[in-house]
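Asker: First to last, the protein sequences are chains A and B.
The opening residue of the first sequence carries number 1 in my numbering; numbering runs sequentially from there.
The opening residue of the second sequence carries number 1001 in my numbering; numbering runs sequentially from there.
Errors might be hidden in some of the hints.
Selected chain B positions facing chain A (in silico; Cβ < 10 Å) [what the hints assert, rightly or not]: (1) 1097; (2) 1169; (3) 1171; (4) 1179; (5) 1182.
Residues of chain B placed beyond 12 Å of chain A at every Cβ, according to the derived structure [stated by the list, open to error]: (6) 1014; (7) 1017; (8) 1052; (9) 1085; (10) 1086; (11) 1107; (12) 1147; (13) 1167; (14) 1227; (15) 1233.
Hints in this document: simulated from the structure, not taken from any laboratory.
Note that the structure is predicted; figures quoted are calculated from it, not measured.
Idealized CB from N, CA, C, for every residue including glycine.
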Amino acid sequence: MKKEVTVKVSNVGMRFNLTQERVDNLKEYIIKLLTRKLRFNDFWALRDVSFEIHKGERLGVLGLNGSGKSTLLKIVSGVLKPTKGNVVTRGKVAPLLELGAGFTPEYTGRENIYLYGAMLGYSKELLDEKFDEIVDFSELGEFIDVPIKNYSSGMKARLGFSVATIVEPDILILDEVLSVGDKRFKRKSERKVMNMFDKGVTVLFVSHSLDQVLRICDKAIILDGGHIVAKGNVEKVAKIYKNMTE
Amino acid sequence: MNAFKTSIANFRKYQFLLYELVKKNIKLKYRRSYLGILWTLLEPLLVMIVLSVVFGVFFGRDDKQWPVYILTGRLLFSFFSSGTKSALRSVSGNASMIKKVYVPKYMYVLANIISNFVTFLLSLIVLVVVAAVLDVRPTIYLLEAIVPLIIIFIITSGASLILATLNVFFRDIDYIWQVGSMLISYTCAIFYPVERLYKNGYGFVFDLNPIYMCIANFRNTVLYGKPLNMQYTLVSLGLGIFLMLIGILLFYKKQDKFILYL
Chain A
1 MKKEVTVKVS NVGMRFNLTQ ERVDNLKEYI IKLLTRKLRF NDFWALRDVS FEIHKGERLG
61 VLGLNGSGKS TLLKIVSGVL KPTKGNVVTR GKVAPLLELG AGFTPEYTGR ENIYLYGAML
121 GYSKELLDEK FDEIVDFSEL GEFIDVPIKN YSSGMKARLG FSVATIVEPD ILILDEVLSV
181 GDKRFKRKSE RKVMNMFDKG VTVLFVSHSL DQVLRICDKA IILDGGHIVA KGNVEKVAKI
241 YKNMTE
Chain B
1001 MNAFKTSIAN FRKYQFLLYE LVKKNIKLKY RRSYLGILWT LLEPLLVMIV LSVVFGVFFG
1061 RDDKQWPVYI LTGRLLFSFF SSGTKSALRS VSGNASMIKK VYVPKYMYVL ANIISNFVTF
1121 LLSLIVLVVV AAVLDVRPTI YLLEAIVPLI IIFIITSGAS LILATLNVFF RDIDYIWQVG
1181 SMLISYTCAI FYPVERLYKN GYGFVFDLNP IYMCIANFRN TVLYGKPLNM QYTLVSLGLG
1241 IFLMLIGILL FYKKQDKFIL YL
């Protein structure tokens, strides 16, 4: 029996305008418009990318720097809208990307839990209920009432991870996130993510590390210059990738 | 119709975020000041005293209720100006969040307007006290005061959506608007009476300015015990809805491009 499709990416293309110089003030814009120097260098970060992930599948995205991996993640998580094609996701998407980047520095840890939670679309009731669990997992203790600007980057990432994983998502988007905090927390967060895997979460995982992809994923694609050059079973794709990079 | 339904559902989903953002704006504004939220009351009171002395005593006005005239104008105008100014930066200022997590982007704009409206409503306490001290008698028309307040909220929201969108693409808007809102403040009759300008043929300034219309209507109901000026009500409401429509259209058309310019 075929499992249902939870992520469907169809013919996605993403175009960026690379102006030689960034024009973000009116004077330059008008001068360039009048002198017809307002040229846009089109750059396609993704071209005609299509794939499907079925429920419970874990797809690794491999590729060199600048191959379009991060752009793809941003499109699937809904932050970027593709120029062409579309993305359909079914269920709750939890993007674990650059954890703690959305925090407000002047706010304390406690206040940030609510604000960040609200940004992720959680309700107040849920956050009230899970508050202690979040604080426990982040191991922040009494630092929870200290403004975030005084946190170390590891503390921020720990809090970010704890808030983002409080609800079990249907689709998990990972960007080498398993390197959060110190060794002990790293193991703990890996365990939590593995636990979600066991429960059948769909995963989209981006990494340079072939080992990590082999360990986590069962399927993989390779992006090169915005195109998908290989897709399929993870062992088969890993071999192609190894040949590509060596 | 379906798009309308999904946007309502989306709004409900992020209602709690709106509340949290409003709370954040108010909390952070006064954090680390000793008097905290009391400044929403003190600031307009002090400004009123300064303006009353400068434009009342120095210019030899002996109207006892002159401070109320100034305070009504100043409170409404400062909601408009601080609302638009903070909303203007709300998209570009939240770049780090917008790049990371998807939320409806108009929430950032709306949160800034609402938080300014909340502090504005709080500062009305000053008006009540000053009006009572200076013996301004409330009349039945006071109930109509809500109309200009709703209209100025609509005008501010519309203008903010336009300004916030433009500011993503051209950071000059910030500076242009500082001068622009100063120009508007001088044409709002905050600290001078309008009669002389009408006599000298400059009355058209007020007949074009929806902010002044709201202030005049607010003064009618609060200070003079008169009903609303219907022409002002309709014109300012019409302009407000017009700005709002332009703002929504512009914001919706451009919002997917924001992230590329942040």
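Asker: Hint by hint, note whether the structure agrees.
Answerer: These are the hints, each one checked on the structure:
1. A distance limit of 10 Å between C-beta atoms decides the matter here; for residue 1097 of chain B the minimum to chain A is near 5 Å, and the interface restraint holds.
2. The criterion of a C-beta within 10 Å of any C-beta in chain A is met by residue 1169 of chain B, whose closest approach is roughly 7 Å, and the hint holds.
3. This hint holds: residue 1171 of chain B has a C-beta 6 Å from the nearest C-beta of chain A, less than the 10 Å allowed.
4. Evaluation of the residue 1179 of chain B hint against chain A yields a violated restraint, the C-beta minimum of about 13 Å exceeding 10 Å.
5. Given the 10 Å rule on beta carbons, the hint for residue 1182 of chain B is violated: about 19 Å separates it from the nearest Cβ of chain A.
6. Taking the minimum C-beta to C-beta distance to chain A, about 7 Å, the non-interface status of residue 1014 of chain B is violated against the 12 Å cut.
7. Remark: the non-interface label on residue 1017 of chain B conflicts with the geometry, its nearest Cβ contact in chain A lying 4 Å away (cut-off 12 Å).
8. For residue 1052 of chain B, the requirement that its beta carbon stay farther than 12 Å from each beta carbon of chain A is met, with the minimum near 35 Å.
9. Even its closest Cβ contact with chain A, about 18 Å, leaves residue 1085 of chain B beyond 12 Å, as expected for a residue assigned away from the interface.
10. With a minimum CB-CB distance of about 15 Å to chain A, residue 1086 of chain B clears the 12 Å threshold, and the non-interface call stands.
11. A beta-carbon of chain A is positioned within 12 Å of the beta-carbon of residue 1107 of chain B; the least distance is around 9 Å.
12. With a closest Cβ-Cβ approach of about 33 Å to chain A, residue 1147 of chain B is found to remain outside the 12 Å limit, as its non-interface label requires.
13. With a least beta-carbon separation of about 10 Å from chain A, residue 1167 of chain B fails to lie farther than 12 Å from that chain, contradicting its non-interface assignment.
14. For residue 1227 of chain B, the condition that its CB be more than 12 Å from all CB atoms of chain A holds, with the nearest at approximately 42 Å.
15. In this structure residue 1233 of chain B is separated from chain A by more than 12 Å, as the shortest Cβ-Cβ distance comes to about 35 Å.
The earlier numbered hints that this structure contradicts are 4, 5, 6, 7, 11, 13.
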